[in-house]
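J.: The chain contents come next:
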Amino acid sequence: MSYFFQLLVSGIVVGSVYALAALGFVLIYKASRVINFAHGHFIAIGAFTAYALSTSLGLSVWIAAVLALAFTAIVGYFTERIFLKPLVGQPIISVIMVTIGLASVFGGLIHMTPYGSGNFSLPGFLPEGGVNFAGISVSYPQLLAVVFTGVFLAAFGWFFQRSTVGIAMRAVADDQMASMSLGVSVEKVFALAWAAAGITAAAAGLIVGAISGLNLEGLVGIGLKVFPVVILGGLDSIPGAVVGGIIIGILENMAAGYLDAYIPGGGTGDVFPFLVLLLVLWFKPHGLFGTEEIERV
Amino acid sequence: MAQLSVENVTLSFGGINALNSVDIVVEPGELVSIIGPNGAGKTSLLNCISGFYHPTHGQITFEGNDLTKASPHTISGYGIARAFQNIELFGGVSVLENLMLARHTYLKYSIGAASVFYGAARRGEVENRRVVEDVIDFMELEPYRKALVGNLPYGVRKRVEVARALSLEPKLLLLDEPMAGMTLEEKEDMVRFILDILAERYTTVILIEHDLGIVMDISDRVYVLDFGMVIATGKPEDVAENPAVIEAYVGGAG
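Protein chains in written order, with this note's numbering: chain A, 8 to 304; chain B, -8 to 245.
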């Protein structure tokens, strides 16, 4: 039984990272209906920026982390300004193709730095050790990962609910024409959504760095795991990102923990989330909390 | 001086001119109607005035501001509001929230103040709520204040659309077929609202409408568009007798 709970706890930890990664993805989709295939690269950019600043400039990891969040926000902002703004009003498929292209470009650029291959670990970021409760062990970095994720998600939820910019973002997501006619600058909203997505992506990258170390493939892989998460939770729902993230995290760990032994070669943990994706698309295509478009006839 | 002037405006999509050297002048406090057959360019003209399209040639000015290249959110800041032909409301929230959104540009408080809902935030919210409540009262939407817009009948949603535009406290209101698809009774109500908007809220109105009986009854002046060109303009009674207008509507004699 304690094996089950151990898997459950580590599933929640991984899932909260997925939730945070999915939050940025949902922000962009909510505001602009763009599906961002370069999201995993934003995660990588954030994580490696923090790593580079703390190792080569010798900054404290905390300062490096804050700078990395800011830098990734700027990357997100300019990505929208330079590559996506000219595509406003174009078919959504062109915009998606551009984000796939951006993913390749970002990947190539990261490969040109020393961080393109190999494993790295952020230096002494979070306290060592952990707690042990009835045979289930949780490390402090894992605990803090969950706490950070909670704080980030609450902050963004509140931002959408209460701030004028957040309200403007929701309005644009609902009806662009009407929002513009009411004085909302759609351009500003899009750019802010990308900047905010950059921040949350970098935060997810930092937390991964704190609990399991950094490598490019792993970080970009999280950008792919975001797809089952948001399909399950609902593409345009922030609570959906949280619930979806945690469910996928748990399922992934359970599958790896219980099924790998019976499958030659293992790897069920990586496959399972995508099976969920297929099932959700079959039976509940709008996900758990997604908006169903209701058309009157 | 004219409040709104559209000078020599041409709007091309590829090789097709949706608008062709259109000139329109609107004085403060007027009700000006734009009529014409389907595809004549009426909505394209409104889209140019409200900044959704930018004219290929020509100039549009409103109270000394150049609108020709301005974006929609800038233009709404100058005091031009618009109700859309195909209802563009936020369906998932209440009537009240739809109208409050029109006031969001007037909310000048910081995120910090908003989070505790104190001081400037509270005053701003109360002040804007008062403006919105006036509009709700004016458009007789009291029974629907908290209703989800998506669930309201068509005629009421049309009225909410006009109410939301009014919540911006505009100086010029653009109404794109506010009576399309309405019953006779709903049309009569809408006519009464439009006349009240002119008389009580001192707002200039540009109206696109297909019901010529109503247009001829309530307009100060009428512009007739056909194939993107102004083919007639003047007082309703003059326009109604203009041979070019009759030809556009019922077709030439062979």
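Hints should not be assumed to be uniformly reliable.
If we take Cβ atoms under 10 Å as the criterion, some of the chain B residues that face chain A in the derived model are [said to hold, decoys possible]:
#1 Gly42
#2 Phe43
#3 Phe81
What follows is a set of in silico ranges between Cβ atoms, one per label pair, in the way DEER data are often shown [stated by the list, open to error]:
#4 A:Phe11 - B:Gly146: 31 to 37 Å
#5 A:Met184 - B:Asn(-1): 22 to 28 Å
#6 B:His201 - A:Val95: 27 to 33 Å
#7 B:Asn77 - A:Arg40: 53 to 59 Å
#8 B:Glu160 - A:Ile107: 44 to 50 Å
#9 A:Val112 - B:Pro19: 50 to 56 Å
#10 B:Pro19 - A:Ser111: 30 to 36 Å
Which stretches of chain A does chain B cover? Using the computed rule of at least three CB atoms under 8 Å from a CB of chain B, they are [claimed, not checked]:
#11 175 to 185
#12 191 to 202
Honestly, the hints are just simulated from the structure, not real lab data. All C-beta atoms, glycine included, are put in the ideal place defined by N, C-alpha and C.
J.: Each hint should be assessed against the structure and marked as holding or not.
T.: Cross-check of the supplied hints:
The beta carbon of glycine 42 of chain B is positioned within 10 Å of a beta carbon in chain A (closest approach about 8 Å), and the interface hint is therefore held. Annotation: interface hint on phenylalanine 43 of chain B holds; nearest CB of chain A at approximately 7 Å, less than 10 Å. Residue-level restraint check for phenylalanine 81 of chain B holds (minimum Cβ-Cβ distance to chain A is 5 Å; threshold 10 Å). Separated by about 58 Å at the C-beta atoms, phenylalanine 11 of chain A and glycine 146 of chain B break the suggested range of 31 to 37 Å.
The supplied range of 22 to 28 Å is met by methionine 184 of chain A and asparagine -1 of chain B, whose beta-carbon atoms lie about 27 Å from each other. For the pair histidine 201 of chain B and valine 95 of chain A, the supplied restraint of 27 to 33 Å holds, since their beta-carbon distance comes to about 32 Å. Distance hint check: the CB atoms of asparagine 77 of chain B and arginine 40 of chain A are about 19 Å apart, inconsistent with the given range 53 to 59 Å. Separation of glutamate 160 of chain B from isoleucine 107 of chain A is about 45 Å and conforms to the stated range, judged on CB atoms against 44 to 50 Å.
At about 54 Å, the beta-carbon gap between valine 112 of chain A and proline 19 of chain B stays in the expected band of 50 to 56 Å. Checked against the given bound of 30 to 36 Å, the beta carbons of proline 19 of chain B and serine 111 of chain A, roughly 57 Å apart, lie outside it. Counting residues of the region 175 to 185 of chain A whose CB falls under 8 Å from any CB of chain B gives 6; the rule of at least 3 is met. With 4 residues having a Cβ less than 8 Å from any Cβ of chain B, the region 191 to 202 of chain A passes the three-residue criterion, so the hint holds.
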